[in-house]
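Listed here are the chains, written in short residue letters.
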Amino acid sequence: MEKFVKITSTAVPLPIEDIDTDQIIPARFLKATTRDGFGDNLFRDWRYDNQNSPKADFVLNNPNYSGQILVAGKNFGCGSSREHAAWAIADYGFKVVISSFFADIFKGNALNNGLLPVQVSDAFLAVVLEHIFADRNTQLEVDLETQTVTIAGTAISEKFEINQYKKTCLINGYDDIDYLLALRDKIEAYEKTSKYLSLVGLNQEQEIEA
Amino acid sequence: MASDKKTLFQKIWDAHVVTSIEDGPDVLYIDRHLIHEVTSPQAFAGLEKRGIGVFRPQNVLATADHNVPTKDQHLPIAEPLSRFQVDKLTENCAKFGIELYGLGHPFQGIVHVIGPELGVTLPGMTIVCGDSHTSTHGAFGTIAFGIGTSEVEQVMATQCLMQSKPKTMRINIEGELANGVLSKDIILYIISKLTMGGATGYFVEYAGSAIRSLSMEARMTICNMSIEMGARGGLIAPDDITYEYIKGRDFAPKGDKFEEAVAYWRTLFTDEGATFDVELTYDAADITPMITYGTNPGMGIKITENIPTVADLKEESGKASFEKSLAYMGFNAGDTLIDKPINYVFIGSCTNSRIEDLRLVADFVKGKRKAPNVNAMIVPGSKQVEKQAIAEGLDVILKEAGFELREPGCSACLGMNEDKVPKGEYCISTSNRNFEGRQGPGARTLLASPLTAAATAISGRITDVRELLNA
Ligand code: SF4
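Residue numbers (our numbering), protein chains in the order written: chain A, 367 to 576; chain B, 649 to 1119.
Please note that a few of the clues may not be correct.
[Unchecked claim] Straight-line distance between alpha carbons at most 16 Å, and here's what the computed EDC-like set of lysine to aspartate or glutamate pairs gives:
1) B:1035 / B:1055
2) A:533 / B:670
3) B:972 / A:411
4) B:815 / B:987
5) B:659 / B:920
6) A:397 / B:1066
7) A:561 / B:662
8) B:967 / A:488
9) B:659 / B:674
10) A:397 / B:727
11) B:697 / A:541
12) B:902 / B:892
13) B:972 / A:423
14) B:1016 / B:1052
15) B:841 / B:908
16) B:950 / B:987
17) A:561 / B:904
18) B:1014 / B:1040
19) A:561 / B:907
20) B:1047 / B:1011
21) A:552 / B:920
22) B:697 / A:544
23) A:561 / B:735
24) A:397 / B:920
25) B:654 / B:920
26) B:962 / A:488
27) B:1071 / A:411
28) A:525 / A:511
29) A:461 / A:507
30) A:533 / B:671
31) B:1071 / A:415
Just so you know, these hints were derived from the structure itself, not from any lab. Computed from a prediction, not measured in an experiment: that's the story for all the values here.
Model the full assembly from the supplied sequences, consistent with the hints where possible.
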C-alpha cells in the first residue's frame, strides 16, 4: 500500500447525502476479477446517459472541478459492502473523501486501500463547500500526521479522528495482513480453546489427533 | 457494579478475541467465512501475490449466487463476464481446497439462505462474508457482518479479522402484531424511525415479546436489513425456537454434541442489568404494512400514509437529496401510494425468499390470478427451498396465479444477471434496497413485505393487504 502523509489539492464537490455504493459503482460493473479499471465506471449512472454520453450536469464532467479530494454529503458510502466502491474512487484518482458522516464498511474498505475518509462536522463541511463553490481553485490541505483539514490560505481548519492503529498503517504503508500473519501462534492457541470449533469438530487439535 | 453484566453481543465478542492491539482494534477469530463469486476473486489473487494459501479452508464455504442466471441453470452461463467470474470461483475453490456449492449442486443458493438452512449458522459464532447482508445470520444469536474484499483476504490468510468493537443498541418490539403485518414490516418500520444512517457504528440486539414470537425465518428477515440503518449487524438471543430449527440440519452438531451445544447456547443472552449505549422500544400495535417511496430503505411509510413533504424533514441539509429522490421515483411530496399502478413484482432475495415466504405467498394467491399488467417473478433463495416448494405443490399454485417461479439466486435484487426491471418502471420488491438503479438502470423500487407484494400483484395496484385479508 502507498504511504499517506499529506495532500494539498483542489476538490470536487458532490453535496448529496446518503450516496450509496450502488451509485458509486453499480452492480453490473462488478464482474471483473482484478482490482483495476473501476474508475472508468465511478458514478456511472450519474455520469453517463444510456447512450454512454457524459451528462453535462454531473460534477465529474464539469471541467471547472478537479483534484484529489472528493467532498460529499452526509452518510457517504452506505449500502452494499462492495470494496469496488473504494477501488473506483481511488482508481479515478481521489486520495481523500471528506464528508460529515461515513458508513462503517465503506470507511474500513477505504482505509484498507490507502484512501483516507475524513469525517468533519456538518458546519465545517458546509463552509468547505461554500469556499469551493465561491472559488473552484480553493485548495484543501489534509494532514494525516496532525489529523487536520485546512482551507489553504485561511485559518479555517478542523481536526478529524482516526484510529491510531490505522493511522500508523497508512503513514507506513502497512496492511493488516502483514500484522496478522505474525500472530499465527496466538491464533493457533486460540483455536485450541474455541467452544464453537470443538462443537462442530473443526477444532484443529482434534484433527491432528484423529 | 453493573460491569460484570454482559450483553449477548459482548459475550460472543469476548469469546472470540484472540488478542487486542493497544489503541487499536481487537483481533477477532472468525468461525465461519462464507464466500461468493463477486467479492472473492481479488482476495484469492492477493493470497497468490503474497505466496500464501488459505489458513483454514475447512472453515470456509462457497456458493455462486449474485451473478447466476435464474433460468436454465443446467446450461453454461450465457453472459461471458458472469461465466468467467463463476468459473474463477470454481477454479479458486479447487485450488485452495474450499467446499463449493456451485450451480447444479443441491445445496446451491443465496449465501445467507444456505448458511442457516444447512445448519452451518449456529448460535454464539462469528460469521463474515463479503456481503453486507451477512447480518442475516444474527437471527441465531451470532455475530455476523459484511466485510470488504481486503478483509476477505485477511480472513482467508489468518481466519482472523481486525475489528474495533462497535457500540451496542437494543431495540425492543413489545406486544402483538396485527393480521397482515410481517417481520419485514417490523424492520421497515424500525429503519423508517432510525433513518438510513441511524444505527451506524452500532451492533443491534432485537428483543421484546413481538420478536420472541417470530419464527427463525421471520427473525432472519429482520436481522438481514440491520445494515440498511447503517448497523454493523443485528442479532437475536437464541431460544427453543432456534434450537428446534437447528436440530437435525446437515452441519449441526448431532446427538450428545447437540445437547452439549444447547447447554452452551442457553448461556447466550443479555444479562439482566447489562447496559446498552442506546435502547429503544416500539409498540408492535403501531406497526402496519409498510412501503418505501424513495431511494433508500429509510424512506418508508405506513402503506396508508402519504409521502412526506420537505416541511416534514428533520434536517434542512437533507432537502436536496429528498427532492432528488422523489424526482427519480416520479412521486410528489404529500401523495398517497395506494392504488398506484405497478407493472413489476419481485419476490425473492436473502430478505424474503425462504420457504415460509413462498408458502405465505402461495397461500395468499391460491385461486387468484395476477392482474394482466403485472409481471410477477418469484425466486427461491436456494435449491433446497425450490425443492421443498415443489414437494408442497407451491409451484403449481404460483403458476396458476400467473407468477413465474425461477431458479435460485440473487436475481433482480441487484440486477447483476439478466433479471432487471426496465427503466422508469415501478417494482414492488421484497428485497432490501431501493437505491437508484439497484434493480436495473432507471428502475424504481418500492420495498415491501411478501404479502404486500402478492396483494399488489393480484390487484395490479399498490394495495393494503389488510383489506383483502379482512374482506
Ligand atoms: S439477495 Fe441481494 S442483498 Fe442478498 S446477497 Fe444477494 S444481492 Fe445481496
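Evaluated hints:
Between the alpha carbons of residue 1035 (chain B) and residue 1055 (chain B) the distance comes to roughly 10 Å, so the proposed pair stays at or under 16 Å and holds. For the suggested pair residue 533 (chain A) and residue 670 (chain B), the alpha carbons sit about 13 Å apart, so the restraint of at most 16 Å is met. Pair hint residue 972 (chain B) plus residue 411 (chain A) holds up; C-alpha atoms about 14 Å apart against a cutoff of 16 Å. In summary, the hint linking residue 815 (chain B) to residue 987 (chain B) is not supported, as the alpha carbons are separated by about 42 Å, beyond the 16 Å threshold.
At roughly 13 Å between alpha-carbon atoms, residue 659 (chain B) and residue 920 (chain B) fall within 16 Å of each other, so this suggested pair holds. Under the criterion of a C-alpha separation no larger than 16 Å, the hint pairing residue 397 (chain A) with residue 1066 (chain B) is consistent with the structure, at around 13 Å. A threshold of 16 Å between alpha carbons decides the hint, and for residue 561 (chain A) with residue 662 (chain B) the separation of about 12 Å falls inside it, so the pair holds. Distance hint between residue 967 (chain B) and residue 488 (chain A) is fulfilled; the C-alpha atoms sit about 14 Å from each other, no more than 16 Å.
Between the alpha carbons of residue 659 (chain B) and residue 674 (chain B) the distance comes to roughly 14 Å, so the proposed pair stays at or under 16 Å and holds. At roughly 11 Å between alpha-carbon atoms, residue 397 (chain A) and residue 727 (chain B) fall within 16 Å of each other, so this suggested pair holds. For the proposed pair residue 697 (chain B) and residue 541 (chain A), the alpha carbon gap of about 14 Å is at most 16 Å, so the pair holds. Of the supplied pair hints, the one linking residue 902 (chain B) and residue 892 (chain B) holds, its CA atoms being roughly 13 Å apart against a limit of 16 Å.
The straight-line distance between the Cα atoms of residue 972 (chain B) and residue 423 (chain A) is roughly 13 Å, inside the 16 Å bound, and the hint therefore holds. A C-alpha spacing of about 14 Å is found between residue 1016 (chain B) and residue 1052 (chain B), which places the hinted pair at or below 16 Å, so the restraint holds. At roughly 40 Å between alpha-carbon atoms, residue 841 (chain B) and residue 908 (chain B) are farther apart than 16 Å, so this suggested pair is violated. In summary, the hint linking residue 950 (chain B) to residue 987 (chain B) is supported, as the alpha carbons are separated by about 14 Å, within the 16 Å threshold.
Between residue 561 (chain A) and residue 904 (chain B), the direct Cα distance comes to roughly 15 Å. Compliance with the 16 Å bound is thereby established for this hinted pair. Simply put, residue 1014 (chain B) and residue 1040 (chain B) have alpha-carbon atoms about 13 Å apart, close enough for the 16 Å limit, and the pair holds. About 14 Å separates the Cα atoms of residue 561 (chain A) and residue 907 (chain B), which keeps this hinted pair within 16 Å; it holds. Of the pairs offered as hints, the one joining residue 1047 (chain B) and residue 1011 (chain B) holds, with about 13 Å between alpha carbons and a cut-off of 16 Å not exceeded.
Taken as a hint, the residue 552 (chain A) and residue 920 (chain B) pair is broken in the structure, with Cα atoms around 33 Å apart against an allowance of 16 Å. Note on residue 697 (chain B) and residue 544 (chain A): the hinted pairing holds, with a Cα-Cα distance of about 13 Å set against a maximum of 16 Å. For the hint linking residue 561 (chain A) to residue 735 (chain B), the alpha-carbon distance of about 36 Å lies beyond 16 Å, and the restraint is violated. Using a Cα cut-off of 16 Å, the hinted pair residue 397 (chain A) and residue 920 (chain B) is violated, with the two alpha carbons roughly 48 Å apart.
Of the pairs offered as hints, the one joining residue 654 (chain B) and residue 920 (chain B) holds, with about 8 Å between alpha carbons and a cut-off of 16 Å not exceeded. Of the pairs offered as hints, the one joining residue 962 (chain B) and residue 488 (chain A) holds, with about 14 Å between alpha carbons and a cut-off of 16 Å not exceeded. Distance hint between residue 1071 (chain B) and residue 411 (chain A) is fulfilled; the C-alpha atoms sit about 12 Å from each other, no more than 16 Å. For the given pair, residue 525 (chain A) sits about 11 Å from residue 511 (chain A) by alpha-carbon distance, which is consistent with the 16 Å threshold.
At roughly 12 Å between alpha-carbon atoms, residue 461 (chain A) and residue 507 (chain A) fall within 16 Å of each other, so this suggested pair holds. As the CA atoms of residue 533 (chain A) and residue 671 (chain B) are separated by approximately 11 Å, the hinted pair is consistent with the 16 Å bound. Distance check on the hinted pair: residue 1071 (chain B) and residue 415 (chain A) sit about 12 Å apart at the alpha-carbon level, within 16 Å; holds.
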